[in-house]
Amino acid sequence: MAEQAIPGYKKWMESVGEQGVFFSRFFRNIFTGGFEWSEFVRQCYEIGYKSFMLVGLTSFIMGLVLILQLRPSMVDMGAESMLPKTLAVSFIREMGPVITAIICAGKIASGIGAELGSMKVTEQIDAMEVSGANPMQYLVVTRILATSIMVPILALMGDVIGLYGGFLALNFTDEISFSLYFHKCISSLEFIDFLPAFVKTIFFGFAIGFVGCYKGFHSNKGTESVGLAANSAVVTASLWIFVIDAFAVQVTSILFYR
Amino acid sequence: MEEQVKHNGEQKHNLNEVVVDIEHISKAFGSKEVLKDISLKLKRGENVVVLGKSGQGKSVTIQCIVGLLNPDEGTVKVFGDLVADMNETELKALRTKVGFLFQSGALYDSMTVRENLEFPLTRVLKMKDKAEIDQRVEEVLEGVGLLDAIDKIPSDLSGGMRKRVGLARTMIVKPEIMLYDEPTTGLDPITSREISELILNMQKKYKTSSIIITHDMECAKITGDRVVIMNDGKYIAEGSFDELQNSGDELVRSFFNTTT
Numbered sequence: 001m002a003e004q005a006i007p008g009y010k011k012w013m014e015s016v017g018e019q020g021v022f023f024s025r026f027f028r029n030i031f032t033g034g035f036e037w038s039e040f041v042r043q044c045y046e047i048g049y050k051s052f053m054l055v056g057l058t059s060f061i062m063g064l065v066l067i068l069q070l071r072p073s074m075v076d077m078g079a080e081s082m083l084p085k086t087l088a089v090s091f092i093r094e095m096g097p098v099i100t101a102i103i104c105a106g107k108i109a110s111g112i113g114a115e116l117g118s119m120k121v122t123e124q125i126d127a128m129e130v131s132g133a134n135p136m137q138y139l140v141v142t143r144i145l146a147t148s149i150m151v152p153i154l155a156l157m158g159d160v161i162g163l164y165g166g167f168l169a170l171n172f173t174d175e176i177s178f179s180l181y182f183h184k185c186i187s188s189l190e191f192i193d194f195l196p197a198f199v200k201t202i203f204f205g206f207a208i209g210f211v212g213c214y215k216g217f218h219s220n221k222g223t224e225s226v227g228l229a230a231n232s233a234v235v236t237a238s239l240w241i242f243v244i245d246a247f248a249v250q251v252t253s254i255l256f257y258r
Numbered sequence: 001m002e003e004q005v006k007h008n009g010e011q012k013h014n015l016n017e018v019v020v021d022i023e024h025i026s027k028a029f030g031s032k033e034v035l036k037d038i039s040l041k042l043k044r045g046e047n048v049v050v051l052g053k054s055g056q057g058k059s060v061t062i063q064c065i066v067g068l069l070n071p072d073e074g075t076v077k078v079f080g081d082l083v084a085d086m087n088e089t090e091l092k093a094l095r096t097k098v099g100f101l102f103q104s105g106a107l108y109d110s111m112t113v114r115e116n117l118e119f120p121l122t123r124v125l126k127m128k129d130k131a132e133i134d135q136r137v138e139e140v141l142e143g144v145g146l147l148d149a150i151d152k153i154p155s156d157l158s159g160g161m162r163k164r165v166g167l168a169r170t171m172i173v174k175p176e177i178m179l180y181d182e183p184t185t186g187l188d189p190i191t192s193r194e195i196s197e198l199i200l201n202m203q204k205k206y207k208t209s210s211i212i213i214t215h216d217m218e219c220a221k222i223t224g225d226r227v228v229i230m231n232d233g234k235y236i237a238e239g240s241f242d243e244l245q246n247s248g249d250e251l252v253r254s255f256f257n258t259t260t
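Note that the protein sequences, when read in sequence, are chains A and B. Counting from 1, one number per residue, gives the positions in the first sequence under the UniProt record's numbering. Counting from 1, one number per residue, gives the positions in the second sequence under the UniProt record's numbering.
The following block holds chain B by itself, in its conformation from the complex:
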């Protein structure tokens, strides 16, 4: 019997369904080849961690998924549709289903936390009922433990708080897929752990499938169902955190030793 999950308490989905299918993509910036024949599948409800050193093209991979960048070769399919073939309207529709948490949080600094969270509700979901908007904003802020900061502006928030608000803003539209770009970079170890646990809690609560780009081993251990290691623009190993940590491959093992 196929395992199934309800997304956001609505539709039932097959857990074996591949929601993101990256096949043999390559990308170069000028003469620098950043991605070299990368392939990756993300199943529904799964958390995949892409682990690697900085500047290895990890972020480029997830930017190709939302059409911020186009690969030079290969294909990216999301929910079975080719991203490269999508027109502006289709791309917009796709982006409402795919949440993207930027490394910096990317909060709109001219708006308060409340306005930041209202922005996708009024512009993307076209919600008009003020009471409903307020309820949703407060609910998601409570989920990240920052209800008190609702009327603050981003410059008054710490790095960890910005990431939490960024996560709340992304989660408020209830995406089916979440892409995290270095969610714990620049944070102290305690806050990093809190963010990693929050990612896991949000995944359980909203039943999302996630790709987490990181070089933080603890984040990878906490959040990842499956870990992919990237080196020099290629995926060199794949498996669970424990499998890779005890890998017979010296390069993979040394990778764990150098980054922990």
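Same shape as in the complex, but just chain A:
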């Protein structure tokens, strides 16, 4: 039993070491050589613009559903006037960033993992490397920076759309004007609610891009590996999102809510 555990432990340690090397190569390549601006802009478009509808729709439904689910309990407690505040605080601090990140992990991390995995299998990455070009700069730096920038932007848009979904749900049953609803939402929030939530989405974006690129870049040669790289990218990125979220909540509590 112990003998079987050793290779697994060794493999895990090797993987951690490889990720460390991959991270240092990524970091070094941000500052050395020419930055691939056109590829970076293309990736921002692919990652950001093309995920907007999915993130928007999911956030809208979540905002709507949350109000519908919360309302009966809040009415029982005579606290229905607190509904906009409850939704705003939970959505801005937690639901919006996490939902956006999980959606992006499913769509973007898997896409990057599959794309780079397929490039690895068809020797395109090797071809880039032996031609003297830098695949880290062209493929990895652009994608990780694009996710680190676009996921926070998507999360902000998701927050706004989610709150609007909440307004529509509330408007079905209680007549509340749009301006009153948003006034209640905004007045219940402080700058300190926005800042940690925004900062953690940058880390979520980084994790999504990094895991997708790492899994794709290190996939084995074989068509099955492409699927495995995509699948593993989603699972690992999702896990990292929850780990980062738990860590961010602890840090935020220590720094701002004590």
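Because the hints were derived from the structure by calculation, they are not lab data. Here the structure is a predicted model, which is why all the values come from computation and not from measurement.
Restricting the straight-line Cα-Cα distance to at most 20 Å, the calculated cross-link-like pairs of lysine to aspartate or glutamate (EDC-like) are:
1. Lys97(B) / Glu129(A)
2. Lys174(B) / Glu115(B)
3. Lys174(B) / Glu90(B)
4. Lys92(B) / Glu129(A)
5. Lys126(B) / Glu36(A)
6. Lys92(B) / Glu36(A)
7. Lys43(B) / Asp225(B)
8. Lys92(B) / Asp21(B)
9. Lys92(B) / Asp126(A)
10. Lys174(B) / Asp126(A)
11. Lys128(B) / Glu36(A)
12. Lys152(B) / Glu142(B)
13. Lys221(A) / Asp109(B)
14. Lys184(A) / Glu94(A)
15. Lys174(B) / Glu129(A)
16. Lys77(B) / Glu90(B)
17. Lys221(B) / Glu238(B)
18. Lys130(B) / Glu39(A)
19. Lys97(B) / Asp126(A)
20. Lys204(B) / Glu17(B)
21. Lys41(B) / Glu17(B)
22. Lys130(B) / Glu36(A)
23. Lys128(B) / Glu39(A)
24. Lys126(B) / Glu129(A)
25. Lys126(B) / Glu39(A)
26. Lys92(B) / Glu118(B)
27. Lys174(B) / Glu132(B)
28. Lys43(B) / Asp81(B)
29. Lys221(A) / Glu182(B)
Given the coordinates of chain A, assemble chain B onto it according to the supplied hints.
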């Protein structure tokens, strides 16, 4: 008097100069020993064909030359410099002088043929002049007979066309050494012959030294100045195509009979 050749119409080089010097290299993947004490020299302007069955470690040899893999034992020198001792910058500089044509062509499938060819010019040679880039792309595509396909994407090309574009992309930076990994695999006999003749024409035009890994006898016959036969991770014979075909060694001769 020493025979000399101009590379790309610029510098004169000695034809006896050894550009790739592989000495006693061995390589294993896990418990499988793929290369066993291999030695090979490639002279300037020469075409060496490494012939052997699939899975014998032929491709591993040329991957060691460009530093994609490192041998477990032995040394690989290119232009007199040890590949294993090179840092990232030196390896990058070496790779601009050594072209590598992959078995699949390895075209970047998210780019058009034009963008595939522009990629090494803008990233490796750092060329900026659009007119100069266009001229070079069109010239090299014309050389492989695919100027019409300039705006197509790789998925619209046949296997033979992909190999031609792959060859054009490698040749566009005018390398001094070319490494071909199974250039005719998966092609019909007519296209295979066309690719083999194209390799020969490109070698004459760009004055390259080449190592051609293949199990295609016709490709070996057309392209090879010298043929090396590899079996079970070792080189078992070396000579011209005709010499080896008429070899007294039964293993070498049987090799020709089974693969033709």
